[in-house]
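Q: Sequence:
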Amino acid sequence: MDLKKEVKIMQTNTIFSVFVENLSELNEGNMVGCWVEFPCDYDEWKEVLAKIGNPEEIIITDTENYTDLESLPINQYSSYSDIQEIAEYIEYLQDDEYKEDLFTAVYNSVASDFEEAKEAVENERYTLMQGYTMAEYAETLIRDCYTIPEELEPYIDWEGYGDTLSAGCCTETEKGVLIEQ
1 MDLKKEVKIM
11 QTNTIFSVFV
21 ENLSELNEGN
31 MVGCWVEFPC
41 DYDEWKEVLA
51 KIGNPEEIII
61 TDTENYTDLE
71 SLPINQYSSY
81 SDIQEIAEYI
91 EYLQDDEYKE
101 DLFTAVYNSV
111 ASDFEEAKEA
121 VENERYTLMQ
131 GYTMAEYAET
141 LIRDCYTIPE
151 ELEPYIDWEG
161 YGDTLSAGCC
171 TETEKGVLIE
181 Q
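Take the sequence shown: its position 168, counted from the start at 1, is 168 in the UniProt record's numbering, and no numbers get skipped.
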């Protein structure tokens, strides 16, 4: 017999949700859990744990990501404080569209984990040319540095130069061109 209790904690500034389950019930074939939307204050978290029972044996079995990040660094044994820290950092980034796009580009394209992306953004190791393709960035770079005679313009291969740049310090992302400093 499947027992399913599900409670949803609703918030207006939801970054992502996690499904928290009672592991001992899950092992007996019962699904006792609920969705929790983050950021979530600790009192709400304790309320959720009380509703699903046995706070010592909880497991995260699913996530819903409402960001542009390709994945979230949350696993089945992530702690409340780790999950909350991720949510608060993403919420902090949402106050600055450039930083949010920069973090997303770094995290999705070049960083090996969340902390590395966070450190790269905080230490300004990358610049993001928002909305640019590699060819557009290559053209902008050349035009800003040189005067190109009109008769030579049709012969310039912006895409080829963009490919050359991407072999070095630049990465094209969904958010634009990421440039390593």
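Among these hints, one or two may not hold up.
What the hints assert, rightly or not - List time: in silico EDC-like cross-link candidates among lysine to aspartate or glutamate, alpha-carbon distance up to 20 Å:
no.	residue 1	residue 2
1	K118	E70
2	K118	E88
3	K118	D62
4	K51	E70
5	K118	D96
6	K118	E85
7	K99	E70
8	K99	E56
9	K46	D62
10	K46	E21
11	K99	E21
12	K99	E115
13	K118	D95
14	K99	E119
15	K51	D62
16	K51	D68
17	K46	E88
18	K46	E57
19	K46	E85
20	K118	E174
21	K99	E116
22	K51	E97
23	K118	D144
To be verified - Between beta-carbon pairs, the in silico distance windows are:
no.	residue 1	residue 2	range
24	T127	D95	16 to 22 Å
25	T140	K51	51 to 57 Å
26	E64	D41	18 to 24 Å
27	E115	E64	31 to 37 Å
28	T147	Q76	54 to 60 Å
29	T164	T127	15 to 21 Å
30	I148	E119	34 to 40 Å
31	K99	K46	28 to 34 Å
Keep in mind the hints are simulated off the structure, nothing from the lab.
No experiment lies behind these values; they were computed from the predicted model shown.
Note that the Cβ used here is the ideal one computed from N, Cα and C, for glycine as well.
Q: All hints, please: hold or fail.
A: Evaluated hints:
In summary, the hint linking K118 to E70 is supported, as the alpha carbons are separated by about 15 Å, within the 20 Å threshold. The straight-line distance between the Cα atoms of K118 and E88 is roughly 12 Å, inside the 20 Å bound, and the hint therefore holds. Annotation: proposed proximity of K118 to D62 is violated, straight-line Cα distance about 24 Å (limit 20 Å). Of the supplied pair hints, the one linking K51 and E70 is violated, its CA atoms being roughly 31 Å apart against a limit of 20 Å.
A C-alpha spacing of about 14 Å is found between K118 and D96, which places the hinted pair at or below 20 Å, so the restraint holds. For the hint linking K118 to E85, the alpha-carbon distance of about 12 Å falls within 20 Å, and the restraint holds. Between K99 and E70, the direct Cα distance comes to roughly 17 Å. Compliance with the 20 Å bound is thereby established for this hinted pair. Distance hint between K99 and E56 is unfulfilled; the C-alpha atoms sit about 37 Å from each other, more than 20 Å.
Distance check on the hinted pair: K46 and D62 sit about 19 Å apart at the alpha-carbon level, within 20 Å; holds. For the suggested pair K46 and E21, the alpha carbons sit about 13 Å apart, so the restraint of at most 20 Å is met. Between K99 and E21 the alpha-carbon distance is near 34 Å, which puts this suggested pair outside the 20 Å criterion. Annotation: proposed proximity of K99 to E115 holds, straight-line Cα distance about 15 Å (limit 20 Å).
The straight-line distance between the Cα atoms of K118 and D95 is roughly 15 Å, inside the 20 Å bound, and the hint therefore holds. Between the alpha carbons of K99 and E119 the distance comes to roughly 12 Å, so the proposed pair stays at or under 20 Å and holds. For the given pair, K51 sits about 18 Å from D62 by alpha-carbon distance, which is consistent with the 20 Å threshold. In summary, the hint linking K51 to D68 is not supported, as the alpha carbons are separated by about 31 Å, beyond the 20 Å threshold.
Taking the CA atoms of K46 and E88, the gap is near 18 Å; set against the 20 Å cutoff, the hint holds. With a C-alpha separation of about 13 Å, the suggested pair K46 and E57 falls inside the 20 Å cut-off, and the hint holds. For the hint pairing K46 with E85, the CA-to-CA distance comes to about 17 Å; that is within 20 Å, so the pair holds. The straight-line distance between the Cα atoms of K118 and E174 is roughly 18 Å, inside the 20 Å bound, and the hint therefore holds.
Restraint check for K99 and E116: satisfied, since their Cα atoms lie roughly 15 Å apart, inside the 20 Å limit. For a cut-off of 20 Å, the pair hint linking K51 to E97 is broken: about 37 Å separates their Cα positions. Of the supplied pair hints, the one linking K118 and D144 is violated, its CA atoms being roughly 31 Å apart against a limit of 20 Å. The supplied range of 16 to 22 Å is met by T127 and D95, whose beta-carbon atoms lie about 19 Å from each other.
For the pair T140 and K51, the beta carbons lie near 55 Å from each other, so the given range of 51 to 57 Å is met. One distance hint, 18 to 24 Å for the beta-carbon pair E64 and D41, holds here, with the actual separation near 19 Å. The supplied range of 31 to 37 Å is broken by E115 and E64, whose beta-carbon atoms lie about 22 Å from each other. About 59 Å separates the C-beta atoms of T147 and Q76, a value consistent with the hinted range of 54 to 60 Å.
The hinted range of 15 to 21 Å is satisfied by T164 and T127, whose Cβ atoms lie roughly 18 Å apart. Between I148 and E119 the C-beta distance comes to about 39 Å, which sits within the given range of 34 to 40 Å. Checked against the hint of 28 to 34 Å, the pair K99 and K46 passes, with Cβ atoms roughly 32 Å apart.
The structure does not agree with the numbered hints 3, 4, 8, 11, 16, 22, 23, 27 stated previously, though it agrees with the rest.
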